[in-house]
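A.B. asks: One letter stands for each residue in the lines below.
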Amino acid sequence: MKFAEFVCFEAVIPELQAKDRDGAITELVAAMDKAGRLGKGNCDKITRAVIKRENEASTGMGKGIAVPHVKHKAVKNVVAAVGQSSKGVDFAALDKQPVYSVVLLISPADDPDKHLQAMEQIFKHLQQEKFRKFLRQSQTAAQIEDLLKEADVNPSL
Amino acid sequence: MWTGDTVQNTVCELEVEIKNADGLHMRPAMQFVDAASKFQALITVSKAETSVDGKSIMQMSMLAATYGTRLKIKAEGVDAAEAIEALRELVEVTKFGEPTPEEKSRQMS
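If you read the sequences in order, they're chains A and B. When you line the first sequence up against the numbering used here, it's residues 1 to 157, in that order. When you line the second sequence up against the numbering used here, it's residues 1 to 109, in that order.
Incorrect hints may appear among the rest.
What the hints assert, rightly or not - Short, incomplete list of chain B residues facing chain A, as computed with Cβ under 8 Å: (1) C12; (2) G23; (3) L42; (4) Q59; (5) S61; (6) L90.
Everything labelled a hint here was simulated from the structure, so no lab data went into it. Cβ atoms here follow ideal geometry from the backbone N, Cα and C, with glycine treated the same way.
Make the full structure from the sequences, and use the hints.
C.D. replies: Below is the structure:
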């Protein structure tokens, strides 16, 4: 699945205000909600669900990235938000290091295959050092959007 | 025949099928990585032409192994056979402790 098919570009935050995990999740879910992608009155519920999932096992899997996610019936399609932090967020990552790039993914409750296809695209690129570096160097939402769209057509990025 | 102290390097390969409804999402992928990491053997997991390190959570997460996907597990090392058996059991027998599609639809109804 291409980034352009599931990333909500209005919910791309080039500099997160939050310094910790729950703050970053709250900020990203709120951005998706503001973009109208979560239906009415679901913002808090979804934020809590993502944090609950994160408490079960950290999605901060090292190399400065985290991919918090949850399946929720509020969404009919997979939707993602992207946040960057130049100072780093304390995300309780597996390697105990700060997280600089957060990709938040909300997937429908009844479409496990779509969830996996979005994850495939996210990790295909996040595991490449070049992509992580470009993401960290991005300073505006437009630069992040360009990078994701470039990655859609350039598998080696 | 005694060949001296050459390190025995067994190679084992097996195809397994994903049987839990939600497929190899992050939690099962982590279980797989944890199980694979208990062995010395090098573990490679392949889906079609994509091959990844079975001990790397990031690489395992990019397999997008949905329900019904067939994966090839290759183990190379002294404990390759044990590794393959443990991983097969995790994927096909305990199914990561998750329901099959039939069990899941029964739970939902």
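A.B. asks: For the hint on G23 of chain B, just tell me whether its beta-carbon gets within less than 8 Å of chain A.
C.D. replies: With a closest approach of 5 Å, the G23 of chain B hint holds.
A.B. asks: Return the status of the interface hint for Q59 of chain B: holds when the least beta-carbon distance to chain A is below 8 Å, violated otherwise.
C.D. replies: Holds. Min distance 6 Å.
A.B. asks: At a threshold of 8 Å, is the proposed contact between L90 of chain B and chain A supported by beta-carbon distances?
C.D. replies: violated (16 Å)
A.B. asks: Could you check if C12 of chain B really has its C-beta closer than 8 Å to a C-beta on chain A?
C.D. replies: violated (26 Å)
A.B. asks: Quick check on S61 of chain B please, does its C-beta sit within 8 Å of some C-beta on chain A?
C.D. replies: holds (4 Å)
A.B. asks: A closest beta-carbon separation below 8 Å is what the hint needs, so does L42 of chain B meet it against chain A?
C.D. replies: The hint is violated - L42 of chain B has no Cβ within 8 Å of chain A, the shortest such distance being about 18 Å.
Going through the hint list in order, the structure does not satisfy hints 1, 3 and 6.
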